[in-house]
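**Student:** Working from the sequences, and respecting the hints, build out all of it.
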Amino acid sequence: MTIARAPADSTQQMRATDGLSLEHVSLRYADGTHALDDVSLEVRPGELVTVVGPSGCGKTTLLNIAAGLLQASGGRLRRAGGSVGYVFQDATLLPWRTVRRNVELLCELERIPKDERRRRAVAALERVGLCGFEEKYPRTLSGGMRMRVSLARSLTLAPRVFLFDEPFAALDEITREDLNDELLALFAHERFAALFITHSISEAVFLSSRVLVLSSRPGRVVADVAVPFAYPRAPELRFEPAFTALRRTVSSALTEGHA
Amino acid sequence: MSAAAPGPRRRPATQSAEGLPLPHASVCARLRAVLAVAVPPLLVFVAFIVAWLLGSEVLLSPSKRFLLPPPQDVVSVGLLDAGNASEIFGGLWLTAKAAMLGFALSIVIGMSVAIAMAQASWIERSIFPYAVVLQTIPILALVPLVGFTLGYDFTSRVLVVVLIALFPVITNTLFGLLSVDRGLHDLFTLHDATRWGRLTKLQLPAALPAIFVGLRIAAGASVIGAVVGDFFFTQGQPGIGVLINLYSAQLQSERLYAAVIVAALLGIVVFVAVGLLNRLTVGRWHTDTRAR
Chain A
3 MTIARAPADS
13 TQQMRATDGL
23 SLEHVSLRYA
33 DGTHALDDVS
43 LEVRPGELVT
53 VVGPSGCGKT
63 TLLNIAAGLL
73 QASGGRLRRA
83 GGSVGYVFQD
93 ATLLPWRTVR
103 RNVELLCELE
113 RIPKDERRRR
123 AVAALERVGL
133 CGFEEKYPRT
143 LSGGMRMRVS
153 LARSLTLAPR
163 VFLFDEPFAA
173 LDEITREDLN
183 DELLALFAHE
193 RFAALFITHS
203 ISEAVFLSSR
213 VLVLSSRPGR
223 VVADVAVPFA
233 YPRAPELRFE
243 PAFTALRRTV
253 SSALTEGHA
Chain B
40 MSAAAPGPRR
50 RPATQSAEGL
60 PLPHASVCAR
70 LRAVLAVAVP
80 PLLVFVAFIV
90 AWLLGSEVLL
100 SPSKRFLLPP
110 PQDVVSVGLL
120 DAGNASEIFG
130 GLWLTAKAAM
140 LGFALSIVIG
150 MSVAIAMAQA
160 SWIERSIFPY
170 AVVLQTIPIL
180 ALVPLVGFTL
190 GYDFTSRVLV
200 VVLIALFPVI
210 TNTLFGLLSV
220 DRGLHDLFTL
230 HDATRWGRLT
240 KLQLPAALPA
250 IFVGLRIAAG
260 ASVIGAVVGD
270 FFFTQGQPGI
280 GVLINLYSAQ
290 LQSERLYAAV
300 IVAALLGIVV
310 FVAVGLLNRL
320 TVGRWHTDTR
330 AR
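Protein chains in written order, with this note's numbering: chain A, 3 to 261; chain B, 40 to 331.
Source of the hints: derived by calculation from the structure; they are not laboratory data.
These figures come from a predicted structure and were not determined experimentally.
Misleading hints may appear alongside valid ones.
[To be verified] Taking beta-carbon pairs under 7 Å as the criterion, some of the chain A residues facing chain B (in silico):
1. T94
2. P97
3. W98
4. L111
5. Y139
Virtual Cβ for every residue (Gly too), placed ideally from N, Cα, C.
**Tutor:** Given below as structure tokens:
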């Protein structure tokens, strides 16, 4: 099974289901814990939507539902076909595999032939700037490099929908901003639909076309803030007054939702 | 994975820790590291031999010296005398065969059982109590039963080894299989990994360090099991345990000591071999988190 990459210009005209949509999704656990309450959101191809919210508000739960790892107790999930790219909080690399073999893993699970697998792995590593590290073991890499390997791994299946679960939360600010810039470059190139969880408001505003603010448990969408800056975004954007103003908007929505 | 590549822990010989080209310093450092590992146990060994020598030659009167013959006599009579040596090493070989065969069976059976238990918790719940029973009944109480039922030959010795070595393989393998990181499991779930793919590409490799802990314990236990089996099952060619019994009954103390030492060496060789295998397979990627 090979997944053909759609030509870049056709992705612009795709219908809503070519991205990701959640309609009135809620989750109540058997023990009565109400984790999510009537969450609706839509991410179209070429859109990067971030979700911010207080810790424990069900951000990761929301992502797990979007990925299909968790069954919602109510509502509808619609997602583009093919595999979904999921980037975890940790790099989740297999320590016994070299970088290249780690990047090949998903293709292996999807039974893609060896030559093709290797070709895609090398190409993906090149895109995240890790040429020359193919035969290293994960433990010899820094946290930022491991995260790049993790990104490269998810790129190999060219998913139409990407889910990010606070992927850069454990990294220092400089590395995180580097990776933010790089992620935007990848995004500009691929135009996938991305749902990105973070607890950094700055990261949220810098990356996304829209910021959704969740309330504390049970999680509800309390604000949907459009970010008007055009892609590609230069790193200097972080210092512009308009950027700071938007950060403030998101921050106050977060405080209100928390109260 | 090329065989010529240096191990990941070792730096290239042309670089010091700071990355400066100081080949001489690094050779010295490595030599010092080897000495630091080798010297302390060597000193203990020398001290042990000296204590043995003194105990035998000074503390014991000549009439009682047979209780603790001096080390040189143990070596010359027990190990260098061709007739004695061939008897002792012949016995050792037989015992080693029982230990190795039993160990191999324990690995195969133990890992299969653990893999089955890791597939579903109901399988684990059904089998685990019996694994614990196997471990808690005193094996010595079972040994006569084994002989009574299966006869007093090689098969019974192997079975005793399996009875004693199986439990550590099962528990450690199971522990390893069940401690795989949750995120990695999610990753495999997302990409519809088959049970087989999950087992071979994720759980078994992840469990290898724990499996080796079990194998080390089982390796030592196998040798014990084989010697214990010898004590009870004296039919056929004598194993090292049979010889130890015989020599002690005949007050042949040099040969007795030589036989005991040789049996101990078997245990050490097996233990070291498993450790080496561990280093070759897991050492490349697994680091213990001990502070250095």
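**Student:** With reference to the structure, classify each hint as holding or not holding.
**Tutor:** Against the structure, the hints:
1. T94: holds (4 Å)
2. P97: holds (5 Å)
3. W98: holds (4 Å)
4. L111: Hint on A:L111: holds, closest Cβ of chain B at ~4 Å, below 7 Å.
5. Y139: holds (5 Å)
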